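A.B. asks: Residue numbers (our numbering), protein chains in the order written: chain A, 1 to 332; chain B, 1 to 295.
Since the hints were derived computationally from the structure, they do not count as laboratory data.
Note that the structure is predicted; figures quoted are calculated from it, not measured.
Even glycine gets a Cβ: it sits at the ideal position worked out from N, Cα and C.
Misleading hints may appear alongside valid ones.
[To be verified] One-sided and incomplete, this derived list gives chain A residues near chain B with beta-carbon spacing under 10 Å:
id, residue
1, L23
2, Q27
3, P28
4, Y29
5, L59
6, F79
7, I101
8, A119
9, I123
10, Q133
11, V169
12, V242
13, I291
14, V294
15, A295
16, V304
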Amino acid sequence: MTPRRKDYLGLLVLLGVMSVVPLITDQPYQLNLFVMAGIYTIICVGLNLLIGYAGQMSLGQAAFYGIGAYTTAILTTKFGAPAWLGLSLAPIITGALAYLIGTPILRLRGLSLAMASFAFGEIMLILFAEQTQWTGGVMGTRSIPKIALGTFELDTPGRFYYLVWILAVFVLWIALNLVRTRVGRVLRAVRDNEDAASSLGVDTASFKVAIFALSAAFAGLGGALYAHYLSFVSPDSFNFFVNIMVIVIVIVGGMRQVWGVVLGALLMVWLGEFLRQYKELNMVIYGLALILMVAFMPGGLFGVVEQLVGRVSRIVLPPSPNAEPPNESEAT
Amino acid sequence: MATEYLLQFFISGITNGSIYALIAIGFSITFSATKLINFAQGEFGMLGGFITVTLLKQLGLPLIVAVPVAICLVALLGGLMERVTLRPFRQASHLQLVTITLGSGVLLKALAVIVWGKDATFLAAFSGEEPLEIAGATITPQALWIIGTALVAVILLALFYARTAWGKATQATAMNPQAADLVGIPVETVSTVSFAVAAGMGALAGILIAPITAVHFNTGTFLGLKGFAAASLGGLGSFPGAIIGGLVLGLLEAFGAGLISSGYKNAIALTVVILVLMLRPGGIVGSILGNVEEA
């Protein structure tokens with residue numbers, strides 16, 4: 001099976017599994033967690049591309065999540081824009097903003113993006129809290145309208161669920177396609193050896209900027225969904241803890257595979273709920289997870305799953321003599 | 001605006017700037033030795049503050065003993081962090097190692113909440129609260145302590161790097177680790193010691209500022225952010241750059257808060273950091289000296 005076929009099969013399986021979930025449980029409480037996992041999947045897919053494929057660390061992802069949320073919050077509550085317009089403009093505005101910041105920063109090699117995005121994230125948090133006339137300050141913005149399809153309002157977790165996961169699958173589809181094209185190959189080349197890539201005539205900076213903007217746009221989409229889902233946003237939803245959480249999702253799920261994000265998001269949202277009363281313990285786990293996963297399981301949980309599946313399938317189906325050799329850049 | 005006000009802003013800028021400089025030096029030392037940004041750097045300051053308070057209140061040690069003990073403990077922890085979480089994984093990419101330091105920072109913060117709780121703790125000012133008056137502006141004794149101690153620490157550190165064999169070995173390692181290794185410098189030990197010194201500097205900063213801002217589990221984020229900003233402003237990896245970056249950042253904040261708006265105090269400083277990264281990636285000092293070192 002070609003990698004691309006595998007991707008489509010995976011997307012179909014995900015769609016299948018996710019459409020069965022509401023049939024198994026109709027408790028709003030559990031569906032709410034699935035909605036949040038879907039939102040985090042959307043936010044983290046871009047970050048996964050950025051960390052795992054382009055080798056760039058962004059510490060400002062929560063800020064882009066917040067920009068998306070506030071964009072639609074402001075458009076709908078201050079300008080009376082319809083919810084769907086806010087939802088579609090949020091990723092565009094967030095992505096454009098990231099493009100503007102990324103263009104000068106990503107000419108530099110190494111960790112400059114980590115520094116700049118960290119500073120940018122903190123600035124945005126201050127703006128969210130201080131620009132009271134637009135954002136409602138620390139009290140936040142209330143009564144953001146629900147998304148409606150005609151007269152059918154997506155006002156319960158059960159109804160919102162489908163929208164979130166359809167968009168999550170769509171975002172995954174974009175990311176999976178992207179990594180199979182020239183863009184994906186260039187990004188891996190940049191990650192492995194940027195000098196070599198640029199000496200072969202690749203404009204490495206513009207690829208990095210493009211992927212940074214895309215990752216921000218996805219985070220913005222996630223933020224807009226969050227805003228319409230809760231009808232409420234406040235600076236607290238985009239703080240340091242959230243920033244760490246999205247990085248943990250990418251690292252624990254597996255940064256070298258787009259799919260890892262789904263696994264990481266489901267796991268971390270559930271863990272967060274499980275440890276709701278013990279936020280410190282949750283932070284301890286985040287810290288340990290970052291250290292231990294990077295040190296001992298750089299492929300993340302998805303890497304482990306993949307290895308297990310590979311082992312089982314080799315036992316069940318002996319490899320055919322003209323089988324494709326394993327893709328090195330994927331495996332490392 | 002009256003000159004007393006400007007002088008007051010200047011004093012407060014230099015005071016905070018000295019703290020930022022100490023943490024920025026920590027960032028620069030570890031960056032020079034390992035080319036890594038240690039995202040746990042700010043937490044060393046938080047730990048320094050908490051440990052000092054514990055030593056004073058629980059063990060009843062005098063300040064003059066508690067401060068050095070706390071600094072040594074945190075330095076030990078910094079060295080340990082390098083040995084346990086970074087050195088065994090040297091073959092990993094920079095991105096991975098930086099992620100590990102991010103994890104260490106989160107872990108230290110979480111452990112601090114578990115050990116010391118979520119409430120802020122206060123450390124009494126080192127020698128009273130009676131402010132002194134200079135040309136119409138006031139300066140607290142603690143501010144004098146901060147500026148004086150930072151100055152002494154910087155001079156001692158500069159002498160250490162310029163005069164001792166160990167300091168020269170560290171400089172050699174920063175310039176070219178392979179070459180340093182070839183001439184017999186224990187490069188790995190150098191990086192452990194660098195982490196320890198950086199952690200000690202962070203702890204010192206955290207202790208000095210504790211009487212002014214109180215110690216809180218989140219103190220580390222604030223200290224780390226400011227130190228990081230100062231280091232990139234001055235030019236990451238540069239010792240004079242860290243000092244200049246710290247002072248410039250402190251002054252920018254103080255004048256920004258006084259003349260523009262206190263709510264945007266942090267935003268002003270951070271915006272300058274982004275602008276410096278965009279326009280002068282080597283930082284202020286890096287640009288002047290022409291030895292732009294990319295982070």
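A.B. asks: Next, verify each hint and record whether it holds.
C.D. replies: Status of each hint after checking the structure:
| no. | hint | result |
| --- | --- | --- |
| 1 | L23 | 38 Å, violated |
| 2 | Q27 | 31 Å, violated |
| 3 | P28 | 31 Å, violated |
| 4 | Y29 | 27 Å, violated |
| 5 | L59 | 8 Å, holds |
| 6 | F79 | 25 Å, violated |
| 7 | I101 | 7 Å, holds |
| 8 | A119 | 4 Å, holds |
| 9 | I123 | 5 Å, holds |
| 10 | Q133 | 13 Å, violated |
| 11 | V169 | 28 Å, violated |
| 12 | V242 | 13 Å, violated |
| 13 | I291 | 4 Å, holds |
| 14 | V294 | 5 Å, holds |
| 15 | A295 | 5 Å, holds |
| 16 | V304 | 17 Å, violated |
When each numbered hint is compared with the structure, violations occur for hints 1, 2, 3, 4, 6, 10, 11, 12 and 16.
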